[in-house]
Amino acid sequence: MTGRAEGLSCTGRRAGYVVAVFPLGQVARHGERFARPPGCGINQENQSRGFMGNLHVTMTDIDGVKHEFPDVEEGVSLMELGRSRGVAGIMGDCGGGCACATCHVYVAADWWNEVGEPDDVEFAMLDMVADVMKDTSRLGCQIKMNGNLDGLEVTVAPASGY
Amino acid sequence: MATSTQLGASEDRISERRELTAEEQALLDSGSLADTAIQAQPNAFYRAMRHGDPIHYDERLGSWLVTRHEDIAQIQSDPVTFSVKHGYSEQQARGMREEFQAYLQEHGGGYFPDAIMSDPPYHTRIRKLMEQAFTAHRVKELEPRITEVVRGVIADVVARGDGQCDAAKDIAIPLTIRVIVEQLGLDQGMEEQISRWSVAVTAQIGAMQSRETMLANAAQIAELQQYLIAKMKQREANPSEDMLSDLVHAEVTNEDGGKEKLTFAEAVSLVRATLIAGNDTTATAIGNLFYVLTTRPGMAELLESVADDDRQLNRFVEEHLRAEPPVRALSRMTTREVTVNGTTIPAHAHMLLVYGSGNDDETVFPEPRKFDLTRPNLGRHVAFGGGPHRCIGLALARMEVKVAAREIARQMKNLRLAIPESTIRYTPTVATRTIESLPITFEAR
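Chains as they are written, first to last, in this note's numbering: chain H, 775 to 936; chain V, 528 to 972.
Derived by calculation from the structure, the hints in this document are not laboratory data.
Don't take each hint at face value.
Cross-link-like lysine-lysine pairs, in silico, DSS-like; alpha carbons within 30 Å at most [what the hints assert, rightly or not]:
id	chain 1	residue 1	chain 2	residue 2
1	H	K918	V	K758
2	V	K612	V	K758
3	H	K840	V	K758
4	V	K667	H	K918
5	V	K788	V	K612
6	V	K786	V	K655
7	V	K667	H	K908
8	H	K918	V	K655
9	V	K655	V	K788
10	V	K788	V	K758
11	V	K655	V	K612
12	H	K918	V	K786
13	V	K897	H	K908
From a predicted model like this one, the values you see are computed outputs, not experimental measurements.
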């Protein structure tokens, strides 16, 4: 097989993301979550690194709390953003591989055209959480910030149901 | 079930226990996951625990069995209270770990603790290094090549012309080994050894070894390590385009932003983990697929009807992983006394998250024994675990099972079990539910 296992090559990885970020809240079921585990809270250092940009994102979490992030760097995914800032409902278990649907968001209608449709691989993953999938569903790990998305608004989807 | 869980109050969460029948109570009282008959047909035991005593202390094993989906989800979201590092290391060569380690030190080029079976923040850095290797998009790019490999393995079996084979040994095992060997950059044609080595490695977390079998397995692992070390030394001097070279030369980024090269011991452990995890459980999933195709009415027809529909085939694979999860249970250890769903577990207690039971939890998956492609919450199953330790190779595993399912439907028909179902042997282990050998008959399509 040709093609290098890209993830294992360190060259070209963006310094600053590869730090101890950690999923905080765990969605238990609709509108609920388990306690934040002690000892693995937000890495404060990380908050000031990797997010030195000036793009604005509004993210409403599964508890209905609206988070404003005015300092997002280009290239950061919504999963990385939500996970590093402890946004309830963004877990990113698979690490951004489009393989677990634990960073599912609904894109605000005004932004849908700019963000665009999921590709087939992403759609297949969203189909696994069909009960909470909507027309504006995307996986946060597949939305990377850029200048055109400055001001983006999303709402974190609840976990697939019990 | 729980009605409310508040932030910081999860230790108060208690969900309803259900009344057990006398038969279920007897099973709960006398059963153990260390019992090979229960390992082979575990669902009634799982159900008795799940209903009556959802976090059940298995005295024979000395482990707390976590059987409800909600409790598994809670525990895997808290890797600090529930340590993988300590859980795994306690489980490894259970009761004989010192002798196991000493053997590998002496004969295996060293004892290399599994870098990925660790706790944050160290785990987070190691994991970050590995997690882009098998993203769903990269795996999608590999699909044509995986198809070629799988098609070849099945075509060779069909071409033998006698209409019979061992679906586990002739198809499932060589197929998954060929795929991961190609990715890593190891040698092809070593399926027999690699299969033997894989069994020896996974036996270490199976909690079923005698001293004799532990030592025999340790000898296999020593051989595996010597092979990997030689390959890695080669790549250290002459890198090529494969994961082996990448891992030998990989650096992790520390919390302070500084980069540090993986130690050789860490790299050996990661290559070993990728090789073993990359073949053993996926082969089990494909073996289980042959099992359901030959024993469950309507399954072969169902597969045939979805084989050319990508979306339905994805759902078929996911429901198969839910209904027949290859990994039965994996370890955690409490780092403090903690109460989960009304059960207080002491500090330093060994636990098993019983994925096989979580996937059968009727409060999440109604009629769990029904194979239902239309479930709206398929992605909720815990066959790959969850939380920060969720299986890193999940996209690759799904793809291999999917391609295998498609190729079976295209090349084989009238699949039948060639032995009585009651004689199927499962590997004695608490960790997986693996059919060791599955003789079948079939016709070429």
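Comparing the hints with the structure gives:
no. : hint              : verdict
1   : H:K918 <-> V:K758 : violated, 38 Å
2   : V:K612 <-> V:K758 : holds, 27 Å
3   : H:K840 <-> V:K758 : violated, 52 Å
4   : V:K667 <-> H:K918 : holds, 20 Å
5   : V:K788 <-> V:K612 : holds, 21 Å
6   : V:K786 <-> V:K655 : holds, 13 Å
7   : V:K667 <-> H:K908 : holds, 24 Å
8   : H:K918 <-> V:K655 : holds, 18 Å
9   : V:K655 <-> V:K788 : holds, 14 Å
10  : V:K788 <-> V:K758 : holds, 18 Å
11  : V:K655 <-> V:K612 : holds, 17 Å
12  : H:K918 <-> V:K786 : holds, 25 Å
13  : V:K897 <-> H:K908 : holds, 27 Å
Going down the numbered hints, you'll see the structure goes against 1, 3, while the others check out.
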